[in-house]
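Protein chains: 2
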Amino acid sequence: MARRRLSPAQRRDQLLDIGAALFAARPYEDVLMEDVADQAGVTRGLMYHYFPNKRDFYAAIFQRASDRLLASTGLDDDRPLEEQLTTAIEAHIQYFVDNPRDAMTVNRGALAGDPAIQAIIAAELSTVGARILDKLGLEGHAREIAAIAVHGWLVFGRAVCVEWMQSQTISRAELTELCLRAFASVIDLDAHNVGA
Amino acid sequence: MARRRLSPAQRRDQLLDIGAALFAARPYEDVLMEDVADQAGVTRGLMYHYFPNKRDFYAAIFQRASDRLLASTGLDDDRPLEEQLTTAIEAHIQYFVDNPRDAMTVNRGALAGDPAIQAIIAAELSTVGARILDKLGLEGHAREIAAIAVHGWLVFGRAVCVEWMQSQTISRAELTELCLRAFASVIDLDAHNVGA
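Chains B and A supply the protein sequences, listed in that same order. When the count follows my numbering, it moves up by one through the first sequence with no breaks and lands on 196 for the last residue. When the count follows my numbering, it moves up by one through the second sequence with no breaks and lands on 196 for the last residue.
No lab work stands behind these hints: they were computed from the structure. Any given hint might turn out to be false.
Identical copies look the same in the list; a pair holds intra-copy or inter-copy alike.
Said to hold, decoys possible - Think about it this way: if two alpha-carbon atoms lie no more than 25 Å apart in a straight line, the pair counts; the simulated SDA-like pairs of lysine to any residue are:
hint, residue 1, residue 2
1, 54, 112
2, 135, 78
3, 135, 170
4, 54, 9
5, 54, 16
6, 54, 162
7, 54, 68
8, 135, 167
9, 54, 115
10, 135, 169
11, 54, 113
12, 135, 86
13, 135, 171
14, 135, 168
15, 54, 114
All chains, full assembly: derive it from the sequences and hints.
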């Protein structure tokens, strides 16, 4: 295969694309850095120049997916908060559906508890939490209570999605409904329905 | 110090007691296996015979604390579920208050993501979850929904307790109330108030 001329950023993106497809198709353990290099038509040395090891490579793929998910689920429009939350929850569930191996790899598989992955998840939850808090427009002690409640709710949401991915005993609609009901209970949604 | 004659089980308990006190008093990094051996009046060799390394030693202390917490928070009496849950939630919060370093060590510190610790936490959540599900007396699909909801709620409870330990911005009563409100929303509490 002829090696195409790509800028470093393009090359990095290409490697991430190839890796994402491979990690989606096979268990983490079965993806080899060498396979990625071969598919990209680059030397193994160049592959390792971009990503020192498979763990870092996976983390970079996971980071990019997180960035994209965050970019696609902003709470910045004028619809009522509940509607926007529903859209965001559905987008997150769709992410789990589209990336079933991710959920296992980072939560119960090879990279469960991995500090780099945990940091990406924590940053994602923190970003989404800040968006929700801003949208609620709370101040003072009400904001302090909401900050803990929203954090707990986001962790709840991740946990039920992971559980759902494994058990598949309840429907997607029931899962969405469960998340919304939990949110409404920990935050007094009616009182803060900005834009409603 | 004279070495007392103890059975292996007594010796193990003694070492765990000394370790628990040291880990409560100092950061994880500052507790040395040698200090524990010295305080127990045993050789380092014997210490390492019981616990191959500090991580295993800490996990054994953590496991014992989890066992005790589970033993003290059964849901087996005739009071309404909400009352029993309140008692259990308060006992768990008390555990966090009594063991503030634990919360940091296992969630955001030296052992965050450690597989042995994660397994103990997962087993604890699973035991508590099964108790709640049994108490609810649900069957069929209602039980499947509740299983995911209860799992998510338990993870929620842990997350808000850890957050509360770090921020201390809300009161203990508000924290308990938040957990109860979340539970009532994800489970239809009134409909299943066994023993009420």
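Hints, verified against the model:
no., hint, verdict
1, 54 with 112, "both (15 Å within a copy, 21 Å between copies)"
2, 135 with 78, "within (10 Å within a copy, 43 Å between copies)"
3, 135 with 170, "between (30 Å within a copy, 21 Å between copies)"
4, 54 with 9, "within (19 Å within a copy, 44 Å between copies)"
5, 54 with 16, "within (11 Å within a copy, 38 Å between copies)"
6, 54 with 162, "within (23 Å within a copy, 31 Å between copies)"
7, 54 with 68, "within (21 Å within a copy, 41 Å between copies)"
8, 135 with 167, "between (33 Å within a copy, 22 Å between copies)"
9, 54 with 115, "both (14 Å within a copy, 20 Å between copies)"
10, 135 with 169, "between (33 Å within a copy, 20 Å between copies)"
11, 54 with 113, "both (16 Å within a copy, 19 Å between copies)"
12, 135 with 86, "within (14 Å within a copy, 31 Å between copies)"
13, 135 with 171, "between (29 Å within a copy, 24 Å between copies)"
14, 135 with 168, "between (32 Å within a copy, 23 Å between copies)"
15, 54 with 114, "both (13 Å within a copy, 20 Å between copies)"
Of the numbered hints listed earlier, not one is contradicted by the structure.
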